[in-house]
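Residue numbers (numbering that gives the first Met the number 0), protein chains in the order written: chain G, 0 to 176; chain A, 0 to 272.
Derived from the structure by calculation, the hints contain no laboratory data. Predicted model only: the values in this text are computed from it and were never measured. Please note that a few of the clues may not be correct.
To be verified - Computed far set for chain A versus chain G, every beta-carbon distance over 12 Å:
#, residue
1, 102
2, 232
3, 261
To be verified - Label-pair distances were calculated between CB atoms; the ranges are:
#, chain 1, residue 1, chain 2, residue 2, range
4, G, 141, A, 131, 55 to 65 Å
5, G, 41, A, 225, 27 to 37 Å
6, G, 7, A, 220, 53 to 63 Å
7, A, 47, G, 99, 36 to 46 Å
8, G, 105, A, 161, 42 to 52 Å
9, A, 131, G, 41, 29 to 39 Å
10, A, 264, G, 88, 43 to 53 Å
11, G, 80, A, 63, 21 to 31 Å
12, A, 264, G, 119, 37 to 47 Å
13, A, 107, G, 44, 24 to 34 Å
14, G, 87, A, 223, 23 to 33 Å
15, A, 223, G, 174, 47 to 57 Å
We put the CB at the ideal spot given by N, CA and C, even for glycine.
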Amino acid sequence: MGDSQYSFSLTTFSPSGKLVQIEHALTAVGSGQTSLGIKASNGVVIATEKKLPSILVDEASVQKIQHLTPNIGTVYSGMGPDFRVLVRKSRKQAEQYLRLYKEPIPVTQLVRETATVMQEFTQSGGVRPFGVSLLVAGYDDKGPQLYQVDPSGSYFSWKASAMGKNVSNAKTFLEKR
Amino acid sequence: MSQTAVDVPPKGGFSFDLCKRNDMLTQKGLKAPSFLKTGTTIVGLIFKDGVILGADTRATEGPIVADKNCEKIHYMAPNIYCCGAGTAADTEAVTDMVSSQLRLHRYQTGRDSRVITALTLLKKHLFSYQGHVSAALVLGGVDITGPHLHTIYPHGSTDTLPFATMGSGSLAAMSVFEAKYKEGLTRDEGIKLVAEAICSGIFNDLGSGSNVDICVITKGNKEYLRNYMEPNPRTYVSSKGYSFTKKTEVLLTKITPLLERVEITEVGEAMEE
Chain G
0 MGDSQYSFSL TTFSPSGKLV QIEHALTAVG SGQTSLGIKA SNGVVIATEK
50 KLPSILVDEA SVQKIQHLTP NIGTVYSGMG PDFRVLVRKS RKQAEQYLRL
100 YKEPIPVTQL VRETATVMQE FTQSGGVRPF GVSLLVAGYD DKGPQLYQVD
150 PSGSYFSWKA SAMGKNVSNA KTFLEKR
Chain A
0 MSQTAVDVPP KGGFSFDLCK RNDMLTQKGL KAPSFLKTGT TIVGLIFKDG
50 VILGADTRAT EGPIVADKNC EKIHYMAPNI YCCGAGTAAD TEAVTDMVSS
100 QLRLHRYQTG RDSRVITALT LLKKHLFSYQ GHVSAALVLG GVDITGPHLH
150 TIYPHGSTDT LPFATMGSGS LAAMSVFEAK YKEGLTRDEG IKLVAEAICS
200 GIFNDLGSGS NVDICVITKG NKEYLRNYME PNPRTYVSSK GYSFTKKTEV
250 LLTKITPLLE RVEITEVGEA MEE
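Pulled out of the complex, with its shape left as it was, chain G reads as follows (with noise of 0.2 Å):
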């Protein structure tokens, strides 16, 4: 990936250990709008808060949350040009492993998938790591589930989480509730 004078990743670690441009994505994460996602005994509700730069925008046009495959959908904080690419790259692969197993694909290897995606930006040459987190909520045979998935490639699962601006109040609800 990238050209040849930039087969390097541009990810690289500081002396403390840490990768500073992942630690600008969550930065970037942080102020985007705020999502979130609550899993119920029998479904996952995912919300977020549809702020449009003006009102001549066309509403209708704006889709920040997404179907990945008929039982999986997701949303994003961040930038959406990022969300955008890995949500057709996520809907190809839900459509891959339809195609190979025949089986609709479970949640937990649609995120895992995504998350190796988003861990190869991380360390390819040429390549920025993508400034969006995303909150996939999917219902399949293990029930409902709610992941989230980090810049770094990390995914976690929870029972409620948001992201974003005001991630800590919209938390400290959820937590009480």
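Assemble chain A onto chain G, guided by the hints.
Showing chain A alone in chain G's frame:
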């Protein structure tokens, strides 16, 4: 054939390297392995509210019936179905692949698939394989622009028709259509005509047989009538079940458990850290 070397793509794509070797072997007298051909009757027609597709259910391997009740009407999209004649593996693989591509396309565009999209994807694929993918298809569906019916030949050419038949039984079925088809048929008339055409193929063509499958697609709705008609029921199953005559008596039932071979390993010393 041109003599210039062609760069083989590093991944994917069909490699024609072995075709020359296969030709040489068949010339020397080696019989090529046979494949499962469907030797079929498949039909489609456009009626007042949409499209009706019909197919028989026999799959043949030379003179042998390999599958008495196979499914020849393949799903492409919720509003598009495709009947396949020719090599069963080819029709299955091609319809599966294009159905997958259509699904991804639906996610991207947020709209229902159009029949013409399926048609173009199929014909592009078949043409690029120059007829080696032996799939003759009848593609029908109803999309935003209305009902459509197309036929696709293995080399990649297509026709758009109000009624169509393909497969070894196509002549038998076409004779029924030519005699009785008219525009503006109702659903029941259409189904009856399709069933008649398929039956004509089943009874008059060796390559077609068993049951009739029908699929009715209208705007916003589809009905897959699997085994709509079964004009060839099996009659040999003995309802009494099978019983041994006196001459074969069960004398003794003895179960000998196999001895387990258990190997005892000496307890060695623990590894030093």
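Each hint, compared with the structure:
{"no.": "1", "hint": "102", "in the structure": "6 Å, violated"}
{"no.": "2", "hint": "232", "in the structure": "31 Å, holds"}
{"no.": "3", "hint": "261", "in the structure": "39 Å, holds"}
{"no.": "4", "hint": "G/141 with A/131: 55 to 65 Å", "in the structure": "43 Å, violated"}
{"no.": "5", "hint": "G/41 with A/225: 27 to 37 Å", "in the structure": "32 Å, holds"}
{"no.": "6", "hint": "G/7 with A/220: 53 to 63 Å", "in the structure": "57 Å, holds"}
{"no.": "7", "hint": "A/47 with G/99: 36 to 46 Å", "in the structure": "41 Å, holds"}
{"no.": "8", "hint": "G/105 with A/161: 42 to 52 Å", "in the structure": "45 Å, holds"}
{"no.": "9", "hint": "A/131 with G/41: 29 to 39 Å", "in the structure": "51 Å, violated"}
{"no.": "10", "hint": "A/264 with G/88: 43 to 53 Å", "in the structure": "50 Å, holds"}
{"no.": "11", "hint": "G/80 with A/63: 21 to 31 Å", "in the structure": "57 Å, violated"}
{"no.": "12", "hint": "A/264 with G/119: 37 to 47 Å", "in the structure": "45 Å, holds"}
{"no.": "13", "hint": "A/107 with G/44: 24 to 34 Å", "in the structure": "25 Å, holds"}
{"no.": "14", "hint": "G/87 with A/223: 23 to 33 Å", "in the structure": "31 Å, holds"}
{"no.": "15", "hint": "A/223 with G/174: 47 to 57 Å", "in the structure": "49 Å, holds"}
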